[in-house]
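Engineer: Each chain, written out:
Number of protein chains: 2
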Amino acid sequence: MNTHTRKPLPDLFLNALKLSLGDQVSTALAVREHHGRDESMYDICPPDAVVFARSTEDVVTVVKLCNEYEVPVIPFGVGSSIEGHVLPFSGGVTIDFSEMNQVVAINPEDLTATVQAGVTRKQLNQEIRHTGLFFPIDPGADASIGGMAATRASGTNAVRYGTMRDNVLSLTVVTAEGKVIRTASRAKKSAAGYDLTAIFVGSEGTLGIITEVTVKLHVQPEGISAAICSFPTVQDAVQCVISTIQMGIPIARVEIMDTAAVNAVNQYSQLSLKESPVLLFEFHGTPASVEEQATMVQEIAKESGGLDFSWATQTEDRSKLWTARHNAFFASMQLKPGCRGVSTDVCVPISRLAESIDITIQELAKSTIPYTIVGHVGDGNYHVILLIDRHNSEEVAEMERINHGIVQRAIEMDGTCTGEHGVGVHKMSFLVEEHGEDALDMMRALKRAFDPKNILNPGKIVHLKNT
Amino acid sequence: MNTHTRKPLPDLFLNALKLSLGDQVSTALAVREHHGRDESMYDICPPDAVVFARSTEDVVTVVKLCNEYEVPVIPFGVGSSIEGHVLPFSGGVTIDFSEMNQVVAINPEDLTATVQAGVTRKQLNQEIRHTGLFFPIDPGADASIGGMAATRASGTNAVRYGTMRDNVLSLTVVTAEGKVIRTASRAKKSAAGYDLTAIFVGSEGTLGIITEVTVKLHVQPEGISAAICSFPTVQDAVQCVISTIQMGIPIARVEIMDTAAVNAVNQYSQLSLKESPVLLFEFHGTPASVEEQATMVQEIAKESGGLDFSWATQTEDRSKLWTARHNAFFASMQLKPGCRGVSTDVCVPISRLAESIDITIQELAKSTIPYTIVGHVGDGNYHVILLIDRHNSEEVAEMERINHGIVQRAIEMDGTCTGEHGVGVHKMSFLVEEHGEDALDMMRALKRAFDPKNILNPGKIVHLKNT
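Each protein sequence line maps, in turn, to chains H and A. Mapping the first sequence onto the numbering used here, position 343 (from 1) lands on 517, and the numbers just tick up by one. Mapping the second sequence onto the numbering used here, position 274 (from 1) lands on 448, and the numbers just tick up by one.
In case anyone wonders, no lab produced these hints; they're calculated from the structure. Keep in mind that a hint or two might mislead.
Which copy is meant is left open, so a pair is good if it fits within one copy or across any two.
Result set (DSSO-like, lysine-lysine): computed pairs, CA atoms no more than 30 angstroms apart in a straight line [unchecked claim]:
id : residue 1 : residue 2
1  : Lys627    : Lys639
2  : Lys238    : Lys181
3  : Lys476    : Lys390
4  : Lys181    : Lys639
5  : Lys510    : Lys540
6  : Lys296    : Lys540
7  : Lys639    : Lys238
8  : Lys627    : Lys353
9  : Lys510    : Lys238
10 : Lys476    : Lys494
Required output: the full structure, derived from the provided sequences and hints.
Structural biologist: Now the structure itself:
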């Protein structure tokens, strides 16, 4: 990352910032270092200052000054991004959203809620519990809703409820000039001009800074059941999923873990799952429809070679299973103490998924790097968690080689280099391979139009030519 | 529309066009006039030439020439847009897509199909029938898929299956410079950079020209049933819908017709529906879940004052009901022979829908213009069809006044001026009211970035300042 040029903050700028925002501004090393890392494997890269915003107006103040002095400005949620999204490689000011943590409005009749960008997904679900509604998007971390919107996050519920793309209705955004716009109304659908909401969802802080998010909520299902089933091979498991989706069964979650991941969660979560690839299912609906869906899937699993199909209708059992799945990343890391877990994130058309995973496993067999595989298999999205010592350059190079191979094959299969993690800095070169230079030129044109001085989280998503 | 300047086509340009595309180019008056109208109430405004494209390469040829000579270029599907979207007010070349009508690929395992932009929705459904899949988006007309993508269309199925925003996976687009880009892979989800797909969906030919569309398909439900229920008032009907949605019942369609619309379809389709506001329901799922959903909705309808709830489980009865609904626009026009039907298109948060319709009815009562109301009530979207003589300037002014009032109230209720019809020229001023100048400036920046010479369907969606 030493290609980035880093200029010190102008004194005039810092003075103006402190004059406007007082003790909301910090230049303490510990604070800066905390905002100089995420879950990626990059070294700490602290910003020059951190501002703890309390309102959209505070963000306007910061951005206007950054615009005037051409200082980079980077929004920061909980720091759970994993591709270096929030690292200020060119220095500048990080805006921390942890104090913008108010649920602004809940509209149960409309199935919507509006939150400040720093509200986390678990906090939102806690605060709307009494309404009988829930917010389904669940990346591994308890991320901020603003950060999830900015990275177009998803998780285990996406097969039924969609991703942030589908669940963000409107955003309040501070533009590079420091103007405040709202991208859309709360109408459930609209054809009123360019889709500003979709432009900012997934833009990773490079086009504008999200300060409020209106999300869709969903009705808590009356009936929920979960099941787990082992399969002889990953292919059999994937075939079961394809058949399930082709039957039109509105499955709420379907996750795969390979044998290595099963071993890891068995150890980490004290479970005794059969050491074989497994699918975890969850069904939502009325009690009758849940039973019907589950019976149909049980039948399909049997036809696909499923070895055992066991139920978890009790909340406690269900919660245990899903906690194990959610902890798969940490469980994997125990396989190699002191290691770093690096996760790939390709997503392919589901017809190519078994093949994609199959070749990946063959390639991984040639390497000595320990790994596990988990995946949101209903969407064609899977993660290989590669366990490396990030200070061992050979292991890092080997990890990058494996990751690149997985990405190249996914692109050949008409898939994407990232289903849900986003681009950050780590996947910028993959974007060229996936979209081609002409499409990237359109992205560059958009970036230049929305951020002419390149102050908004610069150096992320697309390389700007000639700059 | 006389504010637009219209320059004749340069001879050199026309010669070059004919040299490249021969008899695919027409300057015959009848052909030009056919492409100079849509379903709006504007006078015919013919383009200077029409090109019948047969491939993406043909479109590239046209756009490159238009770019070189700074000639406006307008894509044309079946001409069913209703806000003047395709009218070449500044002259130029219209590209007709009717010969780009091939289904390029059907991928049943992935639930996707790729079509040339001129394929219509009914044609697509015909061609995929054998797969057990269907494409749900159903605007009134048998529109082209390219046109539907360009206007972010929806219809009666959107409450369950979403709009074109949700159902377009990827696009092939010719940019203003004549480059061909593909906006995304066929992966079901992606976080790989800016959402180019969403940028072009709803851009009405002003940012690029869509030549191919990859859409999501859905599994034909094993069980379908439909029902109809009358209510004493529109408010009662809307309350029934709110309760249905809050129960999380995955209703496939729920449409409202007011008493006037019921009268109109009774006459037009020889039905004998009770002369009272009605809801039409459709349920999709397994036979058991369809029955369960319908039973629950029947109960809710009863509690909301529903007067009678009658089933249409037979395909024929169902088809008769839905045909009547789809013909409501034409049926309405019979109420005033020789008239023009002008449709409003607001969409509001559903909690405000009854109030929105209620005030609208009060306002309409003060006018002498005949009207009917139909609506995709599950989405908060409704249409007032105003029957006017478009050559009577008083009636036109009265219609515009009513429409503007409906839009202003919808915006006050945090709704949108257009749920599904798009902006064209007719709603450009509403866009300012809805989004504000700062958000519109972002739209203008996008337009300038993607179409610096303003050749792509110029004069639509946003007024560019200082031009």
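Engineer: Which holds for Lys510 with Lys540 at a C-alpha limit of 30 angstroms: within a copy, between copies, both or neither?
Structural biologist: within (18 angstroms within a copy, 77 angstroms between copies)
Engineer: Give the relationship of Lys181 and Lys639 under a CA distance limit of 30 angstroms: within one copy only, between copies only, both, or neither.
Structural biologist: within (20 angstroms within a copy, 36 angstroms between copies)
Engineer: Classify it for me, Lys627 with Lys353: is the Cα-Cα distance of at most 30 angstroms met within a copy, between copies, both or neither?
Structural biologist: both (15 angstroms within a copy, 26 angstroms between copies)
Engineer: Is it within, between, both or neither when you check Lys639 against Lys238 at 30 angstroms Cα-Cα?
Structural biologist: both (25 angstroms within a copy, 24 angstroms between copies)
Engineer: Cα distance capped at 30 angstroms. Does Lys510 pair with Lys238 within a copy, between copies, both, or neither?
Structural biologist: This pair counts as neither: shortest intra-copy Cα distance 47 angstroms, inter-copy 57 angstroms.
Engineer: Is it within, between, both, or neither for Lys296 and Lys540, if the alpha carbons may be no more than 30 angstroms apart?
Structural biologist: neither (40 angstroms within a copy, 50 angstroms between copies)
Engineer: Can you tell me if Lys476 and Lys494 fall within 30 angstroms by alpha carbon in one copy, between copies, both or neither?
Structural biologist: Close inside one copy (24 angstroms), not across copies (41 angstroms); limit 30 angstroms.
Engineer: Since the copies are identical, ignore which copy is meant and state whether Lys476 and Lys390 lie within 30 angstroms (CA to CA) inside a copy, between copies, both or neither.
Structural biologist: For Lys476 and Lys390, the Cα distance is within 30 angstroms only across copies (28 angstroms; inside one copy 36 angstroms).
Engineer: As a check of your reading, is Lys627 near Lys639 (CA-CA no more than 30 angstroms) within one copy, between copies, both or neither?
Structural biologist: The answer is both: 14 angstroms in one copy and 22 angstroms across copies each meet 30 angstroms.
Engineer: Tell me, please, which holds for Lys238 and Lys181 at an alpha-carbon limit of 30 angstroms: within, between, both or neither?
Structural biologist: The answer is within: 19 angstroms in one copy meets 30 angstroms, while 43 angstroms across copies does not.
Hints 6, 9 from the earlier list are contradicted by this structure; the remaining hints agree with it.
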